[in-house]
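Given the sequences, and given the hints that come with them, work out the whole structure.
Going down the list, the sequences are from chains D and L.
Counting from 3, one number per residue, gives the positions in the first sequence under the numbering used here.
Counting from 3, one number per residue, gives the positions in the second sequence under the numbering used here.
None of the hints are false.
No copy labels: a pair is met if it fits in one copy or bridges any two.
Taking lysine to any residue and the SDA-like style, the derived pairs with C-alpha atoms no more than 20 angstroms apart in a straight line are:
id, residue 1, residue 2
1, Lys-406, Ser-43
2, Lys-406, Leu-46
3, Lys-359, Ser-495
4, Lys-406, Cys-48
5, Lys-353, His-4
6, Lys-460, Thr-493
Worth flagging that the hints you see were computed from the coordinates, not collected in a lab.
On a predicted model such as this, the values are computed, not experimentally measured, just so you know.
Below, each chain spelled out in residue letters.
2 protein chains.
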Amino acid sequence: MHLWLRLPLEKSEPMDDDLDNKVKNNNQTSEIVDSWELWNSFRLLCDHSSQLCVALDISSTLPSINSLGRWFGEPVRAAILQTNAFLTNAKGYPCLSKRHQKLLTAFFNHSIQAIISGRSNHKVSPVPEGVLSGDENYIEDAPVRHALSPYLDYVAYLYQRMDPLPEQERFEINYRDFLQSPLQPLMDNLEAQTYETFEKDVVKYTQYQRAVAKALVDRVPDDAVSTTRTVLMVVGAGRGPLVRASLQAAEETGRKLKVYAVEKNPNAVITLHSLIKLEGWESLVTVISSDMRCWDAPEKADILVSELLGSFGDNELSPECLDGAQRFLKPDGISIPSSYTSFIQPITASKLHNDIKAHKDIAHFETAYVVKLHRIATLAPTQQVFTFTHPNFSANASNQRYTKLQFEMLPDMGSCLVHGFAGYFDSVLYKDVHLGIEPNTATPNMFSWFPIFFPLRKPIYVPDGSPIEVHFWRCCAPTKVWYEWAVTTPTPSPIHNSNGRSYWVGL
Amino acid sequence: MHLWLRLPLEKSEPMDDDLDNKVKNNNQTSEIVDSWELWNSFRLLCDHSSQLCVALDISSTLPSINSLGRWFGEPVRAAILQTNAFLTNAKGYPCLSKRHQKLLTAFFNHSIQAIISGRSNHKVSPVPEGVLSGDENYIEDAPVRHALSPYLDYVAYLYQRMDPLPEQERFEINYRDFLQSPLQPLMDNLEAQTYETFEKDVVKYTQYQRAVAKALVDRVPDDAVSTTRTVLMVVGAGRGPLVRASLQAAEETGRKLKVYAVEKNPNAVITLHSLIKLEGWESLVTVISSDMRCWDAPEKADILVSELLGSFGDNELSPECLDGAQRFLKPDGISIPSSYTSFIQPITASKLHNDIKAHKDIAHFETAYVVKLHRIATLAPTQQVFTFTHPNFSANASNQRYTKLQFEMLPDMGSCLVHGFAGYFDSVLYKDVHLGIEPNTATPNMFSWFPIFFPLRKPIYVPDGSPIEVHFWRCCAPTKVWYEWAVTTPTPSPIHNSNGRSYWVGL
Chain D
3 MHLWLRLPLE
13 KSEPMDDDLD
23 NKVKNNNQTS
33 EIVDSWELWN
43 SFRLLCDHSS
53 QLCVALDISS
63 TLPSINSLGR
73 WFGEPVRAAI
83 LQTNAFLTNA
93 KGYPCLSKRH
103 QKLLTAFFNH
113 SIQAIISGRS
123 NHKVSPVPEG
133 VLSGDENYIE
143 DAPVRHALSP
153 YLDYVAYLYQ
163 RMDPLPEQER
173 FEINYRDFLQ
183 SPLQPLMDNL
193 EAQTYETFEK
203 DVVKYTQYQR
213 AVAKALVDRV
223 PDDAVSTTRT
233 VLMVVGAGRG
243 PLVRASLQAA
253 EETGRKLKVY
263 AVEKNPNAVI
273 TLHSLIKLEG
283 WESLVTVISS
293 DMRCWDAPEK
303 ADILVSELLG
313 SFGDNELSPE
323 CLDGAQRFLK
333 PDGISIPSSY
343 TSFIQPITAS
353 KLHNDIKAHK
363 DIAHFETAYV
373 VKLHRIATLA
383 PTQQVFTFTH
393 PNFSANASNQ
403 RYTKLQFEML
413 PDMGSCLVHG
423 FAGYFDSVLY
433 KDVHLGIEPN
443 TATPNMFSWF
453 PIFFPLRKPI
463 YVPDGSPIEV
473 HFWRCCAPTK
483 VWYEWAVTTP
493 TPSPIHNSNG
503 RSYWVGL
Chain L
3 MHLWLRLPLE
13 KSEPMDDDLD
23 NKVKNNNQTS
33 EIVDSWELWN
43 SFRLLCDHSS
53 QLCVALDISS
63 TLPSINSLGR
73 WFGEPVRAAI
83 LQTNAFLTNA
93 KGYPCLSKRH
103 QKLLTAFFNH
113 SIQAIISGRS
123 NHKVSPVPEG
133 VLSGDENYIE
143 DAPVRHALSP
153 YLDYVAYLYQ
163 RMDPLPEQER
173 FEINYRDFLQ
183 SPLQPLMDNL
193 EAQTYETFEK
203 DVVKYTQYQR
213 AVAKALVDRV
223 PDDAVSTTRT
233 VLMVVGAGRG
243 PLVRASLQAA
253 EETGRKLKVY
263 AVEKNPNAVI
273 TLHSLIKLEG
283 WESLVTVISS
293 DMRCWDAPEK
303 ADILVSELLG
313 SFGDNELSPE
323 CLDGAQRFLK
333 PDGISIPSSY
343 TSFIQPITAS
353 KLHNDIKAHK
363 DIAHFETAYV
373 VKLHRIATLA
383 PTQQVFTFTH
393 PNFSANASNQ
403 RYTKLQFEML
413 PDMGSCLVHG
423 FAGYFDSVLY
433 KDVHLGIEPN
443 TATPNMFSWF
453 PIFFPLRKPI
463 YVPDGSPIEV
473 HFWRCCAPTK
483 VWYEWAVTTP
493 TPSPIHNSNG
503 RSYWVGL
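This is the structure we're talking about:
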């Protein structure tokens with residue numbers, strides 16, 4: 003059984019019938035109520051019950067965009083369009099304001115159903131051609147069109163007018179808001195299927211090719227092209243896509259290349275050998291079946307190419323791997339990527355919270371998940387968390403990190419509830435060639451990474467005007483790396499995942 | 003392993019060494035810090051770990067009494083008395099201000115150990131007679147008295163000067179902060195041992211005797227004494243103490259009495275019969291072995307005497323029992339008690355919280371406990387919750403109740419953490435004769451009731467200046483009665499024990 007709470011969307015004065023008691027008790031005769039606050043109080047009293055949903059009454063006035071935005075992280079099931087929310091077009095038919103149209107489109111994108119309610123204020127449009135001609139029982143009790151038909155027609159028109167989903171979105175639709183445990187690429191070998199999926203990400207390899215090309219041009223002046231052979235090592239070569247991108251960059255720039263392809267997964271190595279034979283690269287590429295952290299290279303590299311990034315940048319332990327691999331990079335050698343930075347932002351995500359809560363333990367609330375975020379509300383702009391730069395030859399370099407961030411919430415939004423933090427990364431491959439999923443700078447049409455989600459055991463209410471302060475730690479031990487996180491403002495949370503008790507990445 | 007956090011007791015400016023980072027990060031060069039806030043943030047970050055304790059540094063200035071009071075609900079293990087906290091008496095020896103003395107005595111009462119720390123600012127007192135004379139190794143490395151001995155002597159003197167615990171407190175010492183499930187007197191029969199303990203509560207029965215005496219005098223004018231026989235029914239007679247009190251009241255006032263003693267517990271009835279025989283009350287007392295809710299009385303009573311009260315007044319279902327019993331009360335008859343009221347107040351009680359948390363389930367956080375509250379801090383004055391009046395012949399009387407209470411916290415206290423609510427009752431037996439455990443009006447030297455404690459699943463932080471708003475429901479179903487409770491200000495809690503899922507009293 004689900005319970006839908008019907009609430010006005012706008013910030014409004016309390017209505018006589020449903021808020022009478024509240025007003026009387028407080029001796030207040032007029033008060034602007036943010037309906038999200040009502041929802042939030044009710045939801046908290048019900049201990050975040052997953053059976054509790056929302057139906058929003060939409061009238062002619064709408065609150066600010068940021069205030070509206072909060073609802074996209076909540077279990078809104080229906081938008082009840084009041085007929086008096088409609089305007090009248092030149093022909094006398096109902097229509098909606100641009101802002102209402104945009105809102106409704108966003109609702110459709112979030113599978114929120116539209117319900118039309120109220121008295122008809124508009125004439126009934128003529129029966130559309132064909133609808134009733136052949137089948138007079140089409141609307142059984144209504145041989146004459148229903149009084150609300152014009153509104154329905156208009157809403158249906160808005161729905162049909164929506165842009166079709168881009169191919170990538172269609173592909174990802176089944177992953178929306180589905181929590182996945184991050185990969186453990188060092189401890190586990192990837193499946194062939196996983197390689198195959200990732201290898202299809204053309205955009206990603208194009209960016210790598212551009213980066214390698216730029217590095218080759220910088221490394222080898224035009225007048226030295228014929229006499230210089232650049233040593234390039236691909237560490238974590240998988241089934242060869244970065245080898246291909248590197249060779250294409252060499253061809254494109256006319257630079258000579260000697261490639262070492264280092265890969266620890268023996269299954270991938272077999273496929274890699276076949277590829278090299280097939281492509282006739284035997285003289286160019288040497289395959290090394292070894293973990294980059296223990297391989298003894300016969301010579302030093304000019305360029306080290308790797309793609310060991312997770313959704314949060316360093317979370318698949320790229321820093322630890324490259325620390326091992328940079329031993330065989332020349333002192334003036336280039337690492338591609340040359341740096342990567344993680345980002346977070348606070349979000350409302352009641353669906354994710356409930357899915358995690360269903361496990362009924364603390365450990366699942368102390369785990370980061372890879373997830374195609376969809377039914378969420380972002381509550382503040384992203385901020386940088388950790389940055390790693392390669393190569394890093396400094397003597398006392400550590401991959402431990404600590405950052406404290408303070409987020410100012412979006413303006414005119416009102417109070418909100420933070421269920422956790424969405425995480426992203428951006429990586430500088432080489433100079434101006436970057437790659438990433440940080441929303442403001444995300445590389446378009448790339449599908450290798452979904453965001454990461456760091457949940458909070460107890461969602462935190464952030465009153466209007468208050469910032470939220472969060473602490474992130476990256477901790478390292480001999481056999482594992484993990485994150486800890488805690489909120490301290492407006493109210494302290496427990497430190498999540500202390501000592502990596504619930505979630506870690508094995509070395 | 004336990005970790006003691008050493009904190010200054012006073013609200014103070016941050017010290018250079020331990021708060022340096024905080025100050026620098028906030029770009030604040032001077033800031034008054036309430037050390038309780040530091041403790042609270044740390045404790046929340048550590049998720050209320052029961053291994054976390056406090057050692058308080060006591061210097062020459064003390065914060066307000068209410069600010070100090072909060073620490074008595076926290077796991078304070080030691081008070082570190084700085085030598086500069088001491089004054090100098092007329093003879094040149096160290097002593098403490100009255101406020102310091104009072105604080106130290108309170109610490110001793112809470113088993114908090116005193117530690118003396120700092121440079122000696124006072125002369126070393128002469129060796130007390132006898133201490134070193136016979137045993138020169140008494141202080142092995144100090145044939146001369148230790149420089150801090152004068153302070154120690156003074157603290158020992160304060161300890162020895164303390165009033166001895168009253169007998170009742172000594173009796174109850176082992177019950178301090180020990181959570182007990184409330185009795186289920188309707189579903190279960192009490193043990194003989196339980197009767198014996200409660201029967202020793204002389205004060206309680208004296209109050210009942212006074213109430214019955216007053217009622218008899220009101221009921222039977224002096225000129226009707228010889229012709230009138232008052233019918234008095236004791237419902238829930240147990241092993242007879244209320245029968246005895248009633249008969250003594252009759253004797254004292256010279257009124258004639260006919261007593262029915264109704265008791266459902268067959269074991270108690272046997273003892274009751276013996277008592278009546280022993281005392282020669284056969285002509286005065288009729289024993290009825292029956293549940294008052296189903297007994298068919300042969301005549302109606304002038305006075306109905308009962309003692310069915312729990313720590314929270316109505317929580318042992320006195321209202322439901324007396325609803326059944328008032329059938330055989332005359333329309334103008336008197337019920338003793340004539341009313342009772344429950345009270346609550348918010349408290350800090352980290353020890354109780356941790357004991358409940360150790361069960362690792364929600365149900366134990368949704369249960370009310372009978373507990374001799376000791377290591378707690380009361381945070382606001384008590385307020386009334388529910389009142390029941392007897393007899394209640396109104397047609398649509400219900401024993402369901404709902405109350406919303408708003409507590410203003412004690413002045414000058416600062417912020418605090420509420421672990422739950424302490425509950426009490428006060429009962430009007432008859433007119434000005436009352437009985438109860440509500441702290442401001444508690445009947446002295448009565449030991450039948452400890453307070454009740456309603457915990458909160460998640461302790462609630464109440465910022466300085468904010469009230470706390472709490473809702474209490476008394477809910478009734480055909481076979482059980484239960485309470486639900488929830489906080490809505492400053493932040494909403496879940497509704498505790500909804501539908502009586504975790505805790506109820508059976509009918």
